[in-house]
Structure formats: structure tokens, C-alpha cells
Amino acid sequence: MADRSTIPDDAAQFMEDNRRTFMVTLRKDGSPTAHPMAGFFGGSLYLNMYAASVKAKNLGRDARICCIVTNAADAQRFEGAIYKGKARALPVEEVFAERVPVGLAWARNPGSQGSQEQPDVPPEDQRKIGDTAGRVKRGVRVIYEIAPEEVGMIQELREE
Amino acid sequence: MPREHADIRMNAEELALFLGTQTRCILGTLDAEAGPWGDAAACVFLDGALYFRVPRKARSFANIQRDSRVCCAVEDNVTGAGYYEMKGAIVHGLATTVSDPAVAKRVASALDQIPDPVTGSPAEDGAVFSIGVDDVASFDFAKIKRRFEM
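Protein chains in written order, with the numbering used here: chain C, 1 to 160; chain D, 1 to 150.
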């Protein structure tokens, strides 16, 4: 059997083109939950969330995660990729390193188009909506990198 | 300081209206190692319960046979929608088969109109499950009042 942690080209291309993501994690009692959010793919899949959110708390307890990256809700035909793996919260120094994977560049600065340019972080009293990078630097938001264990288009992985 | 999501949940009436418009959900189940697994399923909201259909060959079906704890997530993120137009709900519960023949017939009739999201075809050999809506997390970003506070 092919190594399912290798990201197939079609799934990679799909995730580069689509950011609508549902992250399935485990609640405190071990039951599944699924949160919609943005996923940033490039190298790996990266997720940016509030450190105090239920999503982050779930990952802090159990790093196992299964993401479904999909097209828009009103698309005539549903398409999706499955990205199952383990999440790791990235330290601030790693997030703002000089050269980072494209997905991380997107996640730390969603307006960057994946550019390596360091995001502008305005002073606290001048911050405004959209200041994702500042929130990451202040620890209000955290970026997770998902190490892939099983990735592919949903029709390829849906059955054993 | 209260977080913004305390104010953005849908009430029961809003939730019923919203779920009534949905035909596809992201289904979360537990795999053999009790880890998370995701799938997409056709769904319909009828008489206060959410019904969804899973192909019997799917890993999700096997997962539900082993552990019936599931969640169904729906989100109205349409092309070109702004952040403050998004709505969504995550319904948690135990997947149960429909035992009442009259209900089963109505649900089957409604789900027959909805193709399987993954295959795009009418489901062949699909199993139908229901979950209640008493453990739901929902959001309607139009309700955000404290937009710029953390």
C-alpha cells in the first residue's frame, strides 16, 4: 500500500486552491467535534486560532486531528481533501523565522498571499482588525502545524 | 471579559431555520484507535432531528458501528460571503438508526432527493442515522457586537 502520509499531487493542488476547512478533534469526553475555519496549505497544513478557544484546548489535550478541506458551501459539486495527522503548536520564534513554509507564511499573515515578507505588527494602541500577526506575537492566537499521517482526496480515502 | 461567542449563538428557532436549509454536513466519527475521522454526508433536518446518510462501505459507517458518538458540522460559507455573514452549527450526539417506519419513510423520501456529496450520485446502500439537537454549538457572525476586542 502507498504511504498515505505522502501528500498526493491532486490533494496538494486542491488544498492550495481551497482554504475552507473543518477540523475534527476530540472533546474532553473523547467524543468528536468539528469546527469550521481557514486552513493554509503549503508544505504542511497550518491552522491559526485563538489560544483560549475550544479548538486549541482540544488539541492541547489530544493532538490527533482530521481536517476536511472543501470548496465553497454553495459549490454545485462538493469536493474535499482529508488531512489526518498530529497538531503541534508552533513557538513564536518559529512562526516568525526568516524563511518559513508557504502555508505558515499564509497562516501568520493571511493578507500576504504566502509571501515571506515579515508581517507588519503595529503598536498595541494602533492595532486593528486583521492584525493576525500581532495577536500571534502576543500569544493571543496560536498557529498549529499538522504533521501528515494520511492525506488524499476524500473519494480516495473514504473507504478502507 | 466575556468572549464574543457568548453573544453569537443561534436560538432554537434560528437554529431550526438554519438547519432546515442544509443538505450537506461534515461528519466527525471515532476511528478504531478512538481518534478523529472526517467525512461528508447528505443530511436533512426534520421534526427537530438531524438525519444523515453514510454509505455502508465508508469508514464512517464502520466507525459508527463501533462507537456511535458523532458530530455533524454545517456552515453557510458561500462564495463571496463576508466574515460577518457566516453561520454555522456543530451538532453532537449519538447516531441512532430510525426505528419508526413512518419516520423512516419520510426521511428516506427527503434524503432520496439529495445525492451523496462525495460521489455526487444517489447513495447506493446508504445507512441513515439521526441525532438530536440538544448538544449544539452554533454561531451567527452577524451577531458579533464586540468585534475588535479580545
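Incorrect hints may have been included.
[Unchecked claim] Derived coverage of chain C by chain D (criterion: at least 3 residues anywhere in the stretch with Cβ under 8 Å from a Cβ of chain D; other residues may be distant): (1) 5 to 14; (2) 17 to 29; (3) 34 to 45; (4) 101 to 108.
Because the hints were derived from the structure by calculation, they are not lab data. Here a beta-carbon is modelled for each residue, glycine too, at the ideal position from N, C-alpha and C.
Mind listing which of the numbered hints don't hold for this structure, in increasing order? Violated hints: 1, 4; rest satisfied.
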